[in-house]
Amino acid sequence: MSKSWFKLDPRTKLMMLITIGLIMMSGTNVGMDYALRLVCVTLPFVMLLTIGNYRAMIWYVLIFFGAVLFEGLWLTKINGVLNIIVMTFCGVITRFGPGYVFGWYVVRSTSASEFITSMERMHFPGAITIPMAVMFRYFPTLKEDYSSIHDAMRMREIGESVKNPFVYIEYILVPLMMSTVQIANDLSAASLSKGLGVNRKRTHICQIRMTALDYIVVVVMAVMLVLSFVY
Amino acid sequence: MIDFNDVSFEYKSAGADGTRVETGGVSNINLKIKKGEFVVITGESGCGKTTLIRLINGLIPGYYNGELKGTVTVLGKSVKDTPIQELSGIVGSVFQNPRSQFFNINTTDEIAFAAENQRRDPEKIRNGIAQTAKLLNIERLLDRNIFELSGGEKQIIACAGIDVLSPDVVVLDEPSSNLDRKAIEHLAVILGKWKEEGKTIVIAEHRIFYLKDLADRMLVMKDGKITEEMDAERLKNMSYEDTCDRGLRCLSLSDLPFDKSVISGGETIEFRDFCFTYKDKKHSINIPELEVPQNSIIAIIGDNGAGKSTLARNLCGLEKKCKGTIIYGGRKLGYRERRHSSYMVMQDVNHQLFTESVGDEVILSMASKKASDEEKDGKAKEILDSLDLGRYMEIHPMALSGGQKQRTALASAIASDKPIIVMDEPTSGLDYHHMIQVAKQIEKLKAMGRTVFIVTHDYEFIWRCCDFIVHLKNGKVARSYEIGSDTAEKLKNSLFGGEQYV
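Protein sequences appear in the order of chains A and B.
With the first letter of the first sequence counted as 1, position 183 gets the number 183 in our numbering; the numbers rise by one all the way through.
With positions in the second sequence counted from 1, the corresponding number in our numbering is that position plus 231.
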């Protein structure tokens, strides 16, 4: 988490996420809007670069520009239902993609305690921030569980004997949920016994503070939002 | 220091068949634990030892619901009337499952977590972490992603968090269940350090061999009551028969009787060019040649990271990139054929139970398209009966207890008609009787003509039921041999200490 040479405060990241989300979802593709969108599309790319996540970065570039190219070149040549499907699909990627990828960057670059600390500074109640922090921690567990369940299914050759996709999904979801309940239970007990409480202030060893860089980024984001709504 | 005054507790929960189950509760406990005392609580599963731990760290009544009578006081504070967050400053807890006791993803954050919650000064916490890391020799584990750590390393991180917090009382609930020998040794060193510092330690545990030199007192529990108290002297002198009588795991292997009949000869399974490396290049196996007896019980042993699980996964054909083959009954099996002819019972059986009832679960494994539903039902019933699960046919697998789930997975393995069965740590966290039960079931599999591979750290269990040892080291087979009266000494040495054999 501290490996990045370009470290932003979680609050700044949140501001960027909101800005990207709003600008990408609203607005058009001409004039000032176009310039703003260009910035928003570039931001996730740059931020992934700062945490050295090149793989995600390359996937992002490929998928995003693939969708843009599809939209621009191919869409005019097809019509009917296929047109609608492709348009929807590309539209979702070009509008939501950058926000989604940036959100992923936020999760990857922010530790649970940094997150709780900065939320505390913004006077968010613990009842909201603690469950969110648990979510952060839960994703890798989910991944582990999923791959283990997937192995079990392969071994029992369930994919071969069960053709109905809904039954197949059920077979993945049931053990996943059971495992989730179990882990959630254990985790709650462990966190309680380590003194985590909703309405308790805590200290923190992570250094969270707004630097000059943070202020610059926040101001730029605010200007972008204003521009996007005024024009 | 810790005072139980006529304490009774009953959980509010229902069992698989809907009736109220009262396992795990305790009744009329009177217990005084002095400052600086090291107390081991042991007994069979469901005897109430975990409940005692939860009564000390305040999870009862703070988290688990039920009916509590009597009073528990820790350092003069009544557990019932003290908020758990306050109690957590004086009682540190380590839990059984390393996977689910972490709030943070980063190890350093996790070590600091409990101390942060007690509003300790950040500068002091930072110094504390540096000191603890040095003392426990875990500098290399700092600032890492917890998900990359082994179970043993995770458990050590949990201990490090407590070391930084430095509470007067530490309670541990079966901390060694998922650990290998090296990790248990590390844990014992940490416990010894805490004891020296004068901390009061209460530990609930099945595997007591690593505690016999640390414990000042051992309590044996049964059905929610403390049935026996032993001082350190008595504990050290317990014989194998003494531990068996009480349903306890053995204190050392040296006095284990050897009474297995040894079978030699017969057909073999051959491994050829069994090589595989994971993408992360960290774990790999390299087994050019290996021969193991067919229709026998084979233990795969070795330290964490030696390649045991990797071998098991490749054996089951879960890795496409594995080029090697095995020769079984004169047939060459590539990864795909291996998947058709092997079945793994995973350590976390929750991940491999998919259907709505135990009966369906078993039927799902029956590949035969010809058999009618009635035939399948009948066969499933037969298999389940043989594993004492007959009356649970209609029950949802997730409503079963851990041991019952494991037997359900075994039943599916039997139903699948696959000749090779692989089990990953089938006895982790099991008491003596349940361990024996698992051993007997595995012997049944053998009697059915199956070959069983078992990845395990549990040496008492190996001693009881395995025929053959494959000892892995750094992904290679260091040694493989049959267990017989002549190799028994060799095995003891290679399992305990004798590094020259490893």
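A couple of the hints might just be wrong.
Straight-line Cα separation of at most 30 Å, BS3-like style, residue types lysine-lysine; simulated pairs [unchecked claim]:
| hint | chain 1 | residue 1 | chain 2 | residue 2 |
| --- | --- | --- | --- | --- |
| 1 | B | Lys707 | B | Lys563 |
| 2 | B | Lys311 | B | Lys365 |
| 3 | A | Lys143 | B | Lys413 |
| 4 | A | Lys7 | B | Lys355 |
| 5 | B | Lys266 | A | Lys7 |
| 6 | B | Lys308 | B | Lys243 |
| 7 | B | Lys551 | A | Lys143 |
| 8 | B | Lys453 | B | Lys671 |
| 9 | A | Lys143 | B | Lys453 |
In short, the hints are calculated from the structure, not lab data.
Can you list which hints this structure breaks, lowest number first?
Of the numbered hints, 2, 5, 9 do not hold.
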